[in-house]
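2 protein chains.
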Amino acid sequence: VALRQASERLEEFALIRALRGRFSHRDAEVIRGIGDDAAVIATSPKQWWHVTTDMLVEGVHFDLGTASPEAVGYRSAMANLSDLAAMGAVPRYLLTSIAIPRRCTAAHVEQLYGGLMKACRPHGVNLIGGDTSASRGGLFLSLTLIGITRSGQALLRSGARIGDALYVTGTLGDSLAGLQILTRRPSGRVAKPHQRFLIHRHLRPTARVSEGQWLSRARLASAAIDLSDGLSGDVRHLCEESRVGVDIELGAIPVSRACRAYAKASEQDPTQLALSGGEDYELLFTVSAHRQPAVEQQAKKAGYRITRIGVIRPRRSGLRMRSQTGEWHPLPLTSYEHFCE
Amino acid sequence: VALRQASERLEEFALIRALRGRFSHRDAEVIRGIGDDAAVIATSPKQWWHVTTDMLVEGVHFDLGTASPEAVGYRSAMANLSDLAAMGAVPRYLLTSIAIPRRCTAAHVEQLYGGLMKACRPHGVNLIGGDTSASRGGLFLSLTLIGITRSGQALLRSGARIGDALYVTGTLGDSLAGLQILTRRPSGRVAKPHQRFLIHRHLRPTARVSEGQWLSRARLASAAIDLSDGLSGDVRHLCEESRVGVDIELGAIPVSRACRAYAKASEQDPTQLALSGGEDYELLFTVSAHRQPAVEQQAKKAGYRITRIGVIRPRRSGLRMRSQTGEWHPLPLTSYEHFCE
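As given, the protein sequences belong to chains A and B, one line each in that order.
Counting from 1, position 127 in the first sequence corresponds to residue 127 in our numbering; the numbering is continuous, with no gaps.
Counting from 1, position 107 in the second sequence corresponds to residue 107 in our numbering; the numbering is continuous, with no gaps.
The hints are simulated quantities; they were obtained by calculation from the structure and are not laboratory data.
These numbers come from a predicted model, not from an experiment.
A virtual CB, placed ideally from N, CA and C, is assigned to each residue, including glycine.
It cannot be assumed that every hint is accurate.
To list a few chain A residues with every Cβ distance to chain B over 10 angstroms, as calculated [claimed, not checked]: (1) R26; (2) E240; (3) A265.
List time: in silico DMTMM-like cross-link candidates among lysine to aspartate or glutamate, alpha-carbon distance up to 20 angstroms [what the hints assert, rightly or not]: (4) K46(A) with E29(B); (5) K118(B) with E70(B); (6) K301(A) with E267(A); (7) K46(B) with E70(B); (8) K46(B) with E70(A); (9) K264(A) with D247(A); (10) K118(A) with E70(B); (11) K192(B) with E70(B); (12) K118(B) with E70(A); (13) K46(A) with E70(A); (14) K192(A) with E267(A); (15) K46(B) with D27(B).
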């Protein structure tokens, strides 16, 4: 299953790359087009706009049998907020396109919007437009979220340089563990509070919006991406856009106590959950050597959990990871496709 | 069928209004949120950005049995371009979200993009981003298009004033006539060139982008909307947003020779095709009394076909139309829902 998912995603990326090459006419004010977490446009000499769009499709990204419309709305908004967090942008404007199947009621649509706004309201996002349609298939939700930075201050995927340290925020793998608890047979051997924590991390992820702004405003990070496809896939995107390689220390990857307990009970490698688990919505970012002391000091002061997990290498050395026993392996080609069966 | 479609659309509008009331937090720079053809944001003291999003759903807005992926892409882009035309904005940036069913091939997706870009390229639109997903239902396409005007120069739905004249560009009803020719039994009694003209108007509509910019730049029009739902429905939107009534002269509505010939052969009232036919993508706009001479003179010089079809009245007099025999009727509650059966 994992392999099929990976190949589907790889085809998607190949298709997007091909279209980028063929169709993307780019005027001077387009700082970044297709390929980053969001497009970046210089709207004035002082300001950049960041525009991201994400689609959630019933039966592909969610199942209304296991997720409420409210949860779908919340997670959909969070995926977009996370794209902007990875740019260091302040989220500002939201547009929503929703295709609604006949079996959905007005109450469902209201719950969906309730979830959207629950995620967006703390950030002061304005709902400025959208489109609504009937659907003969399932529920479709496409969001466009616009954020702002000062000009020149965005975090891009392409800024990583050889020798930069690779960091992540928070802990990885929790969301996948939470999903497994929700969809597989109950894990009686994992303490209830751990299970609740992991399920919450899955259903109520938090985009690292303030961490992204912190990293971009003082130009602390050289590059960033959000972890939506899983560490393995997203570190690949970052390295491709920056044209670099990477060495990752598997033993350094931050895994929560709850995730460790769940991994033990379900006889899985917790690092594997962290590598392949999508939708953690943590930030993966790089920091040049001379800024690392400032980053670590400021993170501590602000209460941001950040962990150094590797170092950027020349492109020719490839994407490698070192196991806790010291062996080097190539980064696996796994990419977690959301709720996909 | 018409009644069911109308009630579906009315429910949609009611839902959108309710959501606008409950969720739309509006910061000072948001000039227009939900409710106009596009949202309007003041991005700098000199510039306004216009953001519109439109969704096309297989089985609702199109049928891949009768429309090619290229036509779907083209028409989808044109619907968005028309929204910006109605604001008088210069179209600039496009984002595309596409959910692709398993039976669609890479060639289909390329054709879809080909249609999109065929519509957008003449306007120099930049494709800056998007999202792609599998679909377990049909093909879904959600576009977000961003355009620009100088600040204060946008045409809004809300600017119509009592005494303003009501104009339309081009001819109305052609698209519906073309659709009927495509989907009903052949109309042998209508000359082939007329049939070709009407089918072309349906499959290859033209958004009135340059007309919209002309009307906005010199502040010639007081309000505008594009005709996507049909004259009857769209004049209602304009009057609601401007809080006015309207008198329409049915005899003045411009109908093409081809549409007249088709209406006669199919025993329909051509005015009815014009009132209820959607997707003409002409502009409906209002002009204050003292600007009418300038508007008519400049239109003639530029080769823009515009026709005066009515006058704006106080809200209390309602939405009325006068038949060619001089009787007054209330504007009918019909709203054409695209390709929907």
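Results for each hint:
Against chain B, the non-interface label of R26(A) is violated: not every CB pair exceeds 10 angstroms, the least being about 6 angstroms. Non-interface status of E240(A) relative to chain B is upheld: no Cβ of that chain comes within 10 angstroms, the nearest being about 17 angstroms off. Listed as a non-interface residue, A265(A) keeps its Cβ farther than 10 angstroms from every Cβ of chain B; the least gap is roughly 32 angstroms. Between K46(A) and E29(B), the direct Cα distance comes to roughly 16 angstroms. Compliance with the 20 angstroms bound is thereby established for this hinted pair.
This hinted pair checks out: K118(B) and E70(B) have alpha carbons roughly 9 angstroms apart, not beyond 20 angstroms. Taken as a hint, the K301(A) and E267(A) pair is broken in the structure, with Cα atoms around 37 angstroms apart against an allowance of 20 angstroms. With a CA separation close to 37 angstroms, the supplied pair K46(B) and E70(B) exceeds the 20 angstroms bound. For the hint linking K46(B) to E70(A), the alpha-carbon distance of about 39 angstroms lies beyond 20 angstroms, and the restraint is violated.
Pair hint K264(A) plus D247(A) does not hold up; C-alpha atoms about 26 angstroms apart against a cutoff of 20 angstroms. With a C-alpha separation of about 38 angstroms, the suggested pair K118(A) and E70(B) falls outside the 20 angstroms cut-off, and the hint is violated. Between the alpha carbons of K192(B) and E70(B) the distance comes to roughly 24 angstroms, so the proposed pair goes past 20 angstroms and is violated. For the hint linking K118(B) to E70(A), the alpha-carbon distance of about 38 angstroms lies beyond 20 angstroms, and the restraint is violated.
A distance of roughly 37 angstroms separates the Cα atoms of K46(A) and E70(A); the hinted pair therefore is violated under the 20 angstroms criterion. Taking the CA atoms of K192(A) and E267(A), the gap is about 18 angstroms. The hint holds against a cut of 20 angstroms. Proposed proximity of K46(B) and D27(B) is supported: the alpha carbons are some 18 angstroms apart, at most 20 angstroms.
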